[in-house]
Amino acid sequence: MTAVLTGRRPTRGAVRVEADTAGVEVVRRVRHRLRRRTVVVPLALLMFLLVMFCLALTVGDFPVSVQQVWLSLTGRGTRATDFIVHELRLPRAVIALAVGACFGLSGAIFQSMMRNPLASPDIIGITSGASAAAVIAILMLGLSGFAISAFAFAGALITALAIYLLAWKQGVAGYRLVLVGIGIAAMLGAIIDYLLTRAQIWDAQVALLWLTGSLNGASAAELRPLLLLMVIVVPLALWAGGALGGLQLGDDAATSIGVRVERSRLLLILIGVALASIATAAAGPVGFVAFVSGPIARRLTHGTGIALVPAALVGAAVVITADFVGQHLLPVQLPVGILTAAVGAPFLLYLLVRSNRIGHGG
Amino acid sequence: MSVTELPRLRAAPVEPVIRQRASSRTLGLLGCALAVAVLCFLNLAIGARVTPLGAVWDAIFHYDQADTDHLVIRELRLPRTILGVLVGAALGMAGAVMQGVTRNPLADPGILGVNAGASLLVVIGISAFGVTSILGYVWFAFAGAAVASVVVYSVAALGREGATPVKLALAGAALSAAFGAVTSAMLLLDQATFDQFRFWAVGSLSGRDMSIVVQIAPFLIAGCLLALCLGRVLNTLSLGEDVARGLGANVVLSRGVSAGAVVLLCGAATAACGPIGFVGLTIPHVARMIAGPDYRWVLPYSMVLAPILLLAADIIGRVVARPGELQVAIVTAFLGAPVFIALVRRKKLAEL
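Chains as they are written, first to last, in this note's numbering: chain U, 1 to 362; chain F, 1001 to 1352.
The hints are simulated quantities; they were obtained by calculation from the structure and are not laboratory data. Since the model is a prediction, treat every value here as computed from it, not as a measurement.
Here chain U is said to cover these stretches of chain F; the calculated rule only asks that three of the stretch's residues, wherever they fall, bring their Cβ under 8 Å from a Cβ of chain U:
#1 1176-1189
#2 1199-1206
#3 1276-1284
#4 1319-1330
No residue lacks a Cβ here, since even glycine has one placed at the ideal position from N, Cα and C.
So here's chain U without its partners, still in its complex pose (with noise of 0.2 Å):
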């Protein structure tokens, strides 16, 4: 559209030239207007993450101001404000925002490659291995706590390598390895339903609390593993998301315009991957949050391209906001992966509903 507008059409005599750069005058406008946009949303999605991070830090039983707050945090508080801020609350809001940023940039890259909003990790398969390892994990094994979260990880990795080896074939076309997924994820999802009827109905509770994500169990311990793999894959994503905007094309036509196609859908399953089973293993498979952050952020930057850092930060905001709302506002307390969805699934709706008013349907 805009190359059609800006671009080489023969100008011919003075009028056509006042008509050409009338028409640049409005195509220049309207792309400063949506590049803007893209730099003044995550900027007021970060200044949205600093104020809830304030929140979770400050508000509970035990209120600690944000002077006391800042203090324990530069080492200098007191042993009280030190236990709640260093022991509680940090863990808990950093995984939040860390949770929620991996599985929205995960949910995000696979939307993107495969085309198709539908196609988040929780349908392809990936958080399916690991609900069923961690299932096993506690229902049969009786284990609990950081051997769960191993267990998940693993149950991951398993699941997605055995998806795309079943996909393989002279490479692994989009479509085949969502369609094995979707077999793959069938067969997982049996085996949860079966040992959750079979279980004692405590046990299958305590396994039902996992299934839904929660940050009940957030630790200092679990913080460092799970930082250390972020530092790793995050920025591993951003670099690989560059041949998300070719892949998108098609793989004919992605090819043609030299991505090499087999190699970055790899390299992204990998990431997607990755991040997805670091999210789950901290804080179980907190439902909705890969699905909804691609849109929302889309709808957001009313771009057309792929905003993964806005995804990311969507996914933060979307995990630390459920966990503020249901760790205080509520009046029982309930697991965040319950909240996310609640959260996360009006806004959808109230932005799916509001674009079509102006004319930006989906």
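Following the hints, complete the assembly by docking chain F onto the known chain U.
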């Protein structure tokens, strides 16, 4: 060579090929229908105790109330067999219609919010109204399915473009998640309800008697008939909105009617058996691999292929865990997924 000659030259060999394909498709369809009939008989014969096929025949056509075998077949196995056929056909067709309307290979009939709505109202029924029987769940589930899908469709249809495929998919997934959140919140807070609900949520054919079949069958049959008429409509919709409109199709009406068919089919099926996810999602793909992308064939093939999977799963579920049984949805996934993956690997895929 003049241009006008070209069509005649091409048309000559194409015509018989099409006819040949059509006849082989009809044969395939008949073969599948035969397989359904055989599986029905097996389903009546095999259970905790195996009855000879002659007794099955007698139980249907020369019913003797004093005979225990006859009683078991008539009272226990006949309802679940009928239900297996109807629910299977319904889920298969609902999946095909949904994938056609949303033009998305990942859309299952639950994407309209049917399963999530049904689950939510069943949980409310259990916890607030103390419903304990399967018969009691049916109408709660049906109401939930209907309300949820109406809400999803209305949200997606707001605005001047109407319910575009992407908006339908996003709105459906979002609302399903929202309903699911309320459901899991209630389950986490109320252990007794969870204890009942977890058995409904698996999806099963057992424990359903003739009264449920009689109540649900009209919806399922009406839905199947409606869906069978949608072949042409879905073919047009699958060309994309602009082309469909250009060909003179009423896109809004087509989508509305298709969504109505899905609600009838999937809503009634979920009400009768609980959420069974795998069938609706994958059977249309298998049908497409066999019959090609023409929905006039995909729909009937889905209608006969899905009961084959469901009945076979039901039989196996009763054989492997004797004298107990495995719920049909669990076996469906375990039986169907490997076959499905093998098919996906072998066949060249027809994209939507």
